[in-house]
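Participant: The lines below spell out each chain.
Protein chains: 2
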Amino acid sequence: MVGPEIERLMQLLSRLPGLGPRSARRVALHLVEKRETLLLPLAKALSAVGDSVKTCSVCGNFDSVDPCSICADPRRDQTILCVVEGVGSLWAMERAGVFSGRYHVLGGLLSALDGIGPDDLGLGRLRARLDGSIREVVVATPATVEGQTTAHYIADFLADCGITVSGLAHGVPVGGELDYLDDGTIGAALRARRSF
Amino acid sequence: MVGPEIERLMQLLSRLPGLGPRSARRVALHLVEKRETLLLPLAKALSAVGDSVKTCSVCGNFDSVDPCSICADPRRDQTILCVVEGVGSLWAMERAGVFSGRYHVLGGLLSALDGIGPDDLGLGRLRARLDGSIREVVVATPATVEGQTTAHYIADFLADCGITVSGLAHGVPVGGELDYLDDGTIGAALRARRSF
Ligand SMILES: [Zn+2]
Ligand SMILES: [Zn+2]
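Chains as they are written, first to last, in the working numbering: chain B, 1 to 196; chain P, 1 to 196.
These aren't lab readings, by the way, just hints derived from the structure by calculation. Each hint should be verified, as a subset may be incorrect.
Which copy? The list can't say, so a pair holds if one copy fits it or any two copies do.
Said to hold, decoys possible - As a list, the in silico BS3-like pairs of lysine-lysine whose alpha-carbon atoms are at most 25 Å apart:
1) LYS54 / LYS34
2) LYS54 / LYS44
3) LYS34 / LYS44
What you are looking at is a predicted structure, and each value in this text was computed from that prediction instead of being measured.
Use the sequences and the hints to build the structure in full.
Facilitator: So this is what it looks like as C-alpha cells:
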C-alpha cells in the first residue's frame, strides 16, 4: 500500500530498540515528510558511521581510529583497566567522568540461558593485556545475576595474576543496567569499589 | 567522546518523533553494534526512499510514481474524494480497507495559533479537482477543534459546487488523531458519515 521502499524502511525501523511497528510507521512517515532536512542527512550520517567506525582491536570500543582514542591517549592511567559488558557501559563511565584508566569490552556476559560461556567473552585477550604495567582491574559489569556471575568468574580467572581485581561498590541499583545510570551513582560506586 | 560521526548520528536520531536524547543514544549504539546487519541496510533503505519517493502532484500522497498508484488505479471509485490532514491519515484509511475512492491530502489544518490559513492548505487545488465526475467529498480530518474547523471551512468553501460534502460520523474519539485509530472505528465512522 505504501510502496516497497517505504515498506522496507518501516521494517528496518521496527528492529530498532524501543520501536514497535506503530512507532516505526510514525518515524517512517516523519522521515518521508522531511526528506531533505532529515531523511537524507540521516542516510549520510549512517553511511559515515558505517564507513568510519571500527571496533578497537585493543579494548573493543567503537571509534574512527584503531587503537581507539582512549587506548591511544598517553594521559590515561596505564595501570588500571575497567572491564565492561559493552560499549554502552563504556560511554556511561566516560560521561560520568570519574575513571581515568582504560577499558576492556567483553561484548556480553556469562549466560547459561543464552549459551554464552567463558570462551565467548575472549577472556584470554583480557589476560594477554595484563603485561605488568596494569595493577588493578575494575570489573564494572551490571548488578544483575549474570553481571555478578561474570565479575566473580573474572576475579577467579585472574586470581593468579597478582593484581587487584575489584568491583563497583553498592550504589549500582540491584537489577539495573549500567548504561542509563546517572553520573553521581556511577561516581559513588566507583569511589567505593571493593576487592573481591 | 564518541567521535563526531556517532555524535552526529545521535543528534539526528533525537529529532525523530518519540525519541529523546537517551533513546537516540541507545538506538545509535544498537546501530553501531549491528553495522552490517542493520545500520548499512537502513542507510540504503533511507537513500532508496529519498531517491524514489515523490509527493503525488494530484492528491499529495507519497509514492514512487506520480500520479500515485491510488490516483492511477482505474478500479478506484472516481466519484468520491476523501480529504485528509496528511499522508498518515491516508495510510490509516487504506489500512482500514473501507474506502475505495481517491484522496486529497491537505498537508495541515487551519490553525490561528500556527498561522495556517485557507491559502496554506491549497484548497484551490482541491476545487480544481471537482471536474464533474466527483459527486461526494468526505472530509476525514481529525475530531479536534482544528480538524472540525477545517472540515466546516471546506464544507462552506465547496457549498456552491453542487456536490455532497460529508464528514466522518461520531465514532472517531473526540480529541483523537486519525493516524493510529483501529480499523473498526474508522470503518464505523466512514459508514455512518453524515452530510454537513
Ligand atoms: Zn581501545
Ligand atoms: Zn495521488
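Participant: Look at each hint and say if it fits the structure.
Facilitator: Here is how each hint holds up against the structure:
1. LYS54 / LYS34: The answer is between: 12 Å across copies meets 25 Å, while 30 Å in one copy does not.
2. LYS54 / LYS44: The answer is both: 17 Å in one copy and 19 Å across copies each meet 25 Å.
3. LYS34 / LYS44: both (14 Å within a copy, 17 Å between copies)
The structure shown violates none of the earlier numbered hints.
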